[in-house]
Structures are given as structure tokens and as C-alpha cells.
Amino acid sequence: MRPLDTAYMMDLVPVIAGYVPLTLFMAIVAMIAALVLASMLAIVRVLRVPVLDRVVAVFISFFRGTPLLVQLFLFYFGLPQMVPAMTGINGVTAAIIGLTLHFSAYMAESIRGAILGVDRSQWEAAQSIGMTQGQLLRRIILPQGARTAAPTLMNYFIDMIKSTSLAFTLGVTEMMGAAQKEAAGSFLYLEAFLVVAIFYWIIVEVLSVGQRRLETSLGKAVAR
Amino acid sequence: MSCQIEITGLVKRFGGNTVLDGIDLCLEPGERVAIIGPSGTGKSTLLRCLNFLDRPDRGVIRLGDLSVDAARASRAEVLALRRRTAFVFQNYALFANKTARANIIEGLTTVRGWPQDKARARADDILAQIGLGDRGDSYPAAMSGGQQQRVGIGRAMALDADLMLFDEPTSALDPEWVGEVLDLIRRIADGRQTMLIVTHEMQFAREIADRVVFMEGGRIVEQGPPAQIFGRAQDDRTRAFLRRVG
Chain A
1 MRPLDTAYMM
11 DLVPVIAGYV
21 PLTLFMAIVA
31 MIAALVLASM
41 LAIVRVLRVP
51 VLDRVVAVFI
61 SFFRGTPLLV
71 QLFLFYFGLP
81 QMVPAMTGIN
91 GVTAAIIGLT
101 LHFSAYMAES
111 IRGAILGVDR
121 SQWEAAQSIG
131 MTQGQLLRRI
141 ILPQGARTAA
151 PTLMNYFIDM
161 IKSTSLAFTL
171 GVTEMMGAAQ
181 KEAAGSFLYL
191 EAFLVVAIFY
201 WIIVEVLSVG
211 QRRLETSLGK
221 AVAR
Chain B
1 MSCQIEITGL
11 VKRFGGNTVL
21 DGIDLCLEPG
31 ERVAIIGPSG
41 TGKSTLLRCL
51 NFLDRPDRGV
61 IRLGDLSVDA
71 ARASRAEVLA
81 LRRRTAFVFQ
91 NYALFANKTA
101 RANIIEGLTT
111 VRGWPQDKAR
121 ARADDILAQI
131 GLGDRGDSYP
141 AAMSGGQQQR
151 VGIGRAMALD
161 ADLMLFDEPT
171 SALDPEWVGE
181 VLDLIRRIAD
191 GRQTMLIVTH
201 EMQFAREIAD
211 RVVFMEGGRI
221 VEQGPPAQIF
231 GRAQDDRTRA
241 FLRRVG
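Residue numbers (UniProt numbering), protein chains in the order written: chain A, 1 to 224; chain B, 1 to 246.
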């Protein structure tokens, strides 16, 4: 057994750190897009919009029923063969689209559950004062559903950050890709992947602390 | 008799169960009508149908110049009707994510398009009227049942509706809070606000109503001034009900 090359690991820290912004960028953009898409999907499901409801059900089923890696390959390598406009798609864009679609399917189900958990009297009260369907969802139902869904959505965000490492398979040099490249030169795979693992771990831990704080403050607001 | 609000042939079925079996009712401007009757007899459903919280199967609801035919009511007509009728719920149904003031403001800004400062001034005026001038920033969860129901009534008052609908407004309250809510409704009634109130408080109905309507089995059995209904009801069913409730 050889000892860990800690000096090499320390050298890698600034290298990997340089890719943290790209990882966070992909995760944050995909998270925002997924939140918007998931809310729309959830609303279609809750309101049982004719036809669209079925389409959304199939969409959710597909993106929950197939591996993220397969989906990413479909977008990056597969679809451009059929859709010429997608030929020039870069890895980062493909990864963001893939993460968005994949996670929106999961998040739509959590948001749908949270919306259904809002008491029926809240819908009726909003209707009784003459709100439109859009107004009552935006002003009354979604804000209350968001509180219920927040912890779960935060978990998906954490999951999404870790899943950005798959962008490496699309040729994107993000944290994981950078570690792979370094290791390929030094042959110190253990050190390189250990450093990248610790980076993910720290990012997720920081977010978990934020998540706990968020839950505490939300809990106070809805104390009843 | 000139009807400000006219309900004609209102029918509502839930599955095979006919809950409202052809209701005709006319309210004159400023008239205060109390609906009494046994549980499960369609009183609340009647109120909910007038606001389309339950969609009637048949019948016409006319409010002044707005006439809505239940069988083919458009979304716009339903919204217009709701904006001219205000509903007070048995369980208050305050917006849980909004303060007392914001509950009152919501209908003014979002639905009516009032500017924020004008709506806020109106809400503060209403908060003072309902005796909660100092609780504007409280969330519903932090208020007593009586306070919540007063905010519920305040939210309805803000709409300046042609018709106020009260659906058993004190039934969910602990006894200690009933008085303050009835006092508030009494004051609104004194302002000659046209209102329809479903209540189990017979004494209160007798006191504030111009007319009492007795319903049973989805139909109006008998109606008349309180003195007549409570004193010398014509129909056996009315008399039997009034004996039961003491």
C-alpha cells in the first residue's frame, strides 16, 4: 500500500476549485428551468387539462423511467442525427436540458402532491372573491404548496449538483472532467477522485445547512 | 316587489341525489334574508350555488343587470357573478399565507385592480370597523376563531358586493366567540346590506332578518317575516323543525 500523495492533492484543490462555478452554473440554471417546467407540469396534472394531461403523464413516466445518463446521450449524440438544428449543441447546453427535463419530471410529482395538500377551502376562498384560475394558483395555492414542497425540492437540487458530474460524459470539462484529466496525466486516480469527491461533499453539506435553516424558518411561519 | 336579486328554478344534483329541487327566491334591495332548516337540506348548497362554488345544474341567477343561466354560464359570467357576491365561510377559509390585512386587500388589488396604497387604506378602514385595527399584520394561525371569522367578514365587506352570503358563520366557533361575530353581522345588517344568511341561531335570525325562509328536502317550504315564521308557521314541517330546535 502506498501513502496518499497529499502534496499532489493540495495542488489539485485550486484546479478543481476553478471548475466549481461551472458545476454550480449548470445546476442552478437547470434547477430554475426545472422549477418552472415542473410547476407547469404539476398544474396541468392538478387541473386535469384535457389531452395535455395525458401528454404530461407520458412525459413524466418516460423521464422517471429511464436513466439520466441514457437521456443525456439521447440529447447529445442521438437527437442531432435526426434534428439538424441540434447538430452544433454543446455539452453544457445538452447537460442543462437533460438535467432540466429529468428533474422536472420528479419535481412535478412533488409539487403536484404539495398542491393537492393545500386545503380545499383555500381554493374556494380564492374563487369566492372572483380570482381567475391563474390568479388563485399564483397568489394562494402555489405559495402554500411551495412551503410543503421546499424540503423535497431542496433534495432534488442537491441531487442535481451531483448529477452535473455526468456532463463529463458529454465532453464537458467540469469538476469531474477536470479530475479525470489530471489523473490521466499523473496516474494518481485515488488522489484526484478523492479531491473531487470532497469538493462535492462540501458543497452538499453547505447546502444541507442552508436547507435546515430554511425548514426551521418555514416551520415558524406556518406554526399552527 | 322589485327584485334586486332573483333566483329562478335553481336545481343542483350530486350524483343521483337532488340537493336543490327548484329554488325560486327574490331579494329586494337591502333585504336581509335568513335561511333556516334541518341539516342536509340544501341550505349551504344554495349559497354555494349562488357563488358557483358548486355549479348549479339548472336555473337562472340574476343580479341587477347581470343574468347567469347555470346551464350555459361562461367563465366570464361566473367571474362577474362572484365579483358581485361576497361569501363568508363557516370555517373562515382565510388565506393561510397572508396576514389579516393582506386577506382583505387581496380582492381589491388582484381582482379589482386597485392600486396598493388605496387598497391598503380601505383595508385599514375595514380592520378598524371589525375591531382588529391592531391585528393587521397577524397571520390567521395566530388569531382566535372569532378574530379569524371577523377578518373573513372583513374580506367579504371589502368587495362592496351587491349580495353578501353567510354560510353558518358562527357554527365552527367556540361559544365564547359567537357574540362578537354576530355583533359584526348585525352592524352590517343595520347598514341595509342585501344579505342571505344560513344560520342555526334562531334568535339572531328573528332579530336581524326581514324575512325567514324555511327549507327542507331541497325546497323552500315556507317563508315570511320572522314574526310569522317563528310565531304562527303555516306548514307542519316548519312547526316540527322549530319545536326541535327549541
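Keep in mind the hints are simulated off the structure, nothing from the lab.
Check the hints yourself; a few may be wrong.
To be verified - Residues from chain A that keep clear of chain B, each with C-beta distances beyond 12 angstroms, as calculated:
id: 1; residue: V44
id: 2; residue: I129
id: 3; residue: F187
Said to hold, decoys possible - Okay, the calculated beta carbon distance ranges per label pair:
id: 4; chain 1: B; residue 1: D174; chain 2: A; residue 2: R120; range: 14 to 24 angstroms
id: 5; chain 1: B; residue 1: D174; chain 2: A; residue 2: R138; range: 29 to 39 angstroms
id: 6; chain 1: B; residue 1: A76; chain 2: A; residue 2: E215; range: 33 to 43 angstroms
id: 7; chain 1: A; residue 1: Q81; chain 2: B; residue 2: R58; range: 50 to 60 angstroms
id: 8; chain 1: A; residue 1: R138; chain 2: B; residue 2: V60; range: 25 to 35 angstroms
id: 9; chain 1: B; residue 1: G22; chain 2: A; residue 2: R48; range: 51 to 61 angstroms
id: 10; chain 1: A; residue 1: R138; chain 2: B; residue 2: A76; range: 17 to 27 angstroms
id: 11; chain 1: B; residue 1: D124; chain 2: A; residue 2: G117; range: 44 to 54 angstroms
id: 12; chain 1: B; residue 1: D124; chain 2: A; residue 2: Q133; range: 21 to 31 angstroms
id: 13; chain 1: B; residue 1: D124; chain 2: A; residue 2: E215; range: 45 to 55 angstroms
id: 14; chain 1: B; residue 1: R112; chain 2: A; residue 2: E215; range: 34 to 44 angstroms
id: 15; chain 1: B; residue 1: D174; chain 2: A; residue 2: R64; range: 45 to 55 angstroms
id: 16; chain 1: B; residue 1: G40; chain 2: A; residue 2: L79; range: 31 to 41 angstroms
In this text, a Cβ means the ideal position worked out from N, Cα and C, and glycines have one as well.
Here is what the structure says about each hint:
1. V44: V44 (chain A) is indeed farther than 12 angstroms from all Cβ atoms of chain B, at 18 angstroms.
2. I129: Violated, because the least Cβ-Cβ distance between I129 (chain A) and chain B comes to about 4 angstroms, which does not exceed 12 angstroms.
3. F187: holds (57 angstroms)
4. B:D174 with A:R120: 14 to 24 angstroms: Taking Cβ atoms as reference, D174 (chain B) and R120 (chain A) lie about 23 angstroms apart, which means the hint holds.
5. B:D174 with A:R138: 29 to 39 angstroms: holds (34 angstroms)
6. B:A76 with A:E215: 33 to 43 angstroms: Roughly 42 angstroms apart at Cβ, these two residues keep to the hinted range, so it holds.
7. A:Q81 with B:R58: 50 to 60 angstroms: holds (58 angstroms)
8. A:R138 with B:V60: 25 to 35 angstroms: holds (32 angstroms)
9. B:G22 with A:R48: 51 to 61 angstroms: violated (31 angstroms)
10. A:R138 with B:A76: 17 to 27 angstroms: holds (19 angstroms)
11. B:D124 with A:G117: 44 to 54 angstroms: Taking Cβ atoms as reference, D124 (chain B) and G117 (chain A) lie about 33 angstroms apart, which means the hint is violated.
12. B:D124 with A:Q133: 21 to 31 angstroms: 30 angstroms Cβ-Cβ, so the 21 to 31 angstroms window holds.
13. B:D124 with A:E215: 45 to 55 angstroms: violated (34 angstroms)
14. B:R112 with A:E215: 34 to 44 angstroms: 36 angstroms Cβ-Cβ, so the 34 to 44 angstroms window holds.
15. B:D174 with A:R64: 45 to 55 angstroms: For R64 (chain A) against D174 (chain B), whose Cβ atoms are near 47 angstroms apart, the range 45 to 55 angstroms holds.
16. B:G40 with A:L79: 31 to 41 angstroms: violated (59 angstroms)
Taken one by one, the earlier hints fail for this structure at numbers 2, 9, 11, 13 and 16, listed in ascending order.
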